Amino acid sequence: MNRRTRTIGASLLAALLLATGAFYLGRETARPVEASMAATPAAEGRKVLYWHDPMVPGQRFDKPGKSPFMDMQLVPMYADSATGAANETGVTVSPAVQQNLGIRYASVRRAQTSASFDAVGAVQFDERLHVAVQTRVAGYVEHLSVRAPMERVRKGQALATLFAPDWLGPQNELLALKRSGVAPDLIAAARDRMRAMSIPAELIRRSEETGTAQARYVLAAPADGVVAELGVREGVAVTPGMTLFRIAGLEKVWAVAEIPEAQAVRLTRGQKVKAILQADAAQSFDGALDEILPEINASTRTLKARFEVDNRNGKLTPGMLLRLQVAGPASTRLVVPSEAVIRTGKRAVVIVRKADGAFEPRDVSPGADQGDDTEVVAGLSEGDQVVASGQFLIDSEARLRSVLGNMASPAAAAAAPPPAALHKAEGKVESVAPDGITISHGPVATLKWPSMTMGFAKASPNAFPDIKPGDQVRFAFKEGGPTGYELVSVQRVQPGARQ
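Just so we're aligned: 277 in the working numbering is position 277 of the sequence shown, and the numbers increase by one with no gaps anywhere.
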């Protein structure tokens, strides 16, 4: 019994000694590691800017420790780190990281540009070439040679034969005077009277040659074209001044196109244009801008431009569509690839690579698009290098948007108003929904708003649970949320209470 007790006691003593030795051995082993971690910055002589979790680069910590996001230690970021450091003027990215991100660059260059654009126009008759064929005497249409509208006619072609009985009297009087041998003055006076009655000279000559009064005469086409209007039929009576035919010339036609207001201001009268037939691109015609009509379409913000197009071959007819290539004056301007321009809605920004390799944002004033390039009016100089691809991947560690002030230059960021500015107003609750509240409110002085009814977003569906339709409220809101403005506070007020 005593021997067994001594054996157990010896085993317990040995186990205790073994555990104590392991504790002190582990403690001495851990000290060099901890000392090494604590002494790393000092030992390397490098300045630590902050500590961060590589998996959540947006958060920074002022001392080492365990990451609150991941099961890992925070990693130091040194001032001279080659993986990416931000400064006041931009971001520096190592060549290796740039290659991994696939960043491409482009140089700002000068290129020949022009204010040319394309438009679609519909062919119409040139109304300045319209000719009216009228009669100057009472009579009737004895024979109609052209019987249908839009029929093509040639100059001098017979259109109709008219019978004018009123012309018989003056002609018989002239013939009688000639037979009686009166003085030449009387005969000349008779001829003048017939010319005053619009009797054609050819008809008078034929009457004198044959000795018989002529009452039938042929109306001939005064010009080439098509019969745009046919006002008579065979056998109908005509009166003086009546329009029998209206002929539209086809030597030139109009192409009328709707031009956007922004492009119409660049047009000048006489500007050359190339008209291509929409149905057959192989056929083209020369033309020029004839007139910009003083009429604007308020719904589409376009003006009508009238182009005069050469149609001597007669291939164009009204109603056809033409693609008009309007050539503007050529000039030399700065351009960059369109993909290099980041448009935020209110501004346009490019990322410029500086001489020391750092990147900085720069506000630019873009002009017109020139194919794959965009004209730059201000903000860049010839030879500047801009980032054409990978703008938002330049340095994830620096969080491009926060480091660069949301893609704004330091001056623009300093001048911009605080995004979280509060605006206050009073009004009446019209309706309440899980995602917002509709309020009929009074003027908002900070935004220069008049009285209106509009919806404001809520930060959460459970926000402002006591507010109900019909309540008079005093509320504060800020820019943000799905509707553009989000409620910060809403308080019920008694009717007539003042803020």
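Just so you know, these hints were derived from the structure itself, not from any lab.
All values reported here derive from a predicted model rather than from experimental measurement.
Treat the hints with caution; some may be incorrect.
What the hints assert, rightly or not - Using C-beta positions, here's what the derived DEER-type ranges look like:
id, residue 1, residue 2, range
1, Arg152, Ser107, 58 to 64 Å
2, Gly65, Met454, 24 to 30 Å
3, Lys315, Lys178, 51 to 57 Å
4, Ala138, Arg179, 52 to 58 Å
5, Ala281, Thr483, 32 to 38 Å
6, Lys315, Ala111, 18 to 24 Å
7, Gly442, Met72, 52 to 58 Å
8, Asp372, Asp286, 27 to 33 Å
9, Gly231, Ser180, 30 to 36 Å
10, Arg147, Gln124, 42 to 48 Å
A virtual CB, placed ideally from N, CA and C, is assigned to each residue, including glycine.
Going down the list of hints, with the structure as the test:
| no. | hint | verdict |
| --- | --- | --- |
| 1 | Arg152 - Ser107: 58 to 64 Å | holds (59 Å) |
| 2 | Gly65 - Met454: 24 to 30 Å | violated (47 Å) |
| 3 | Lys315 - Lys178: 51 to 57 Å | holds (54 Å) |
| 4 | Ala138 - Arg179: 52 to 58 Å | violated (28 Å) |
| 5 | Ala281 - Thr483: 32 to 38 Å | violated (48 Å) |
| 6 | Lys315 - Ala111: 18 to 24 Å | violated (37 Å) |
| 7 | Gly442 - Met72: 52 to 58 Å | holds (54 Å) |
| 8 | Asp372 - Asp286: 27 to 33 Å | holds (29 Å) |
| 9 | Gly231 - Ser180: 30 to 36 Å | violated (42 Å) |
| 10 | Arg147 - Gln124: 42 to 48 Å | violated (25 Å) |
Hint compliance for this structure: hints 2, 4, 5, 6, 9 and 10 are not met, and every other hint is.
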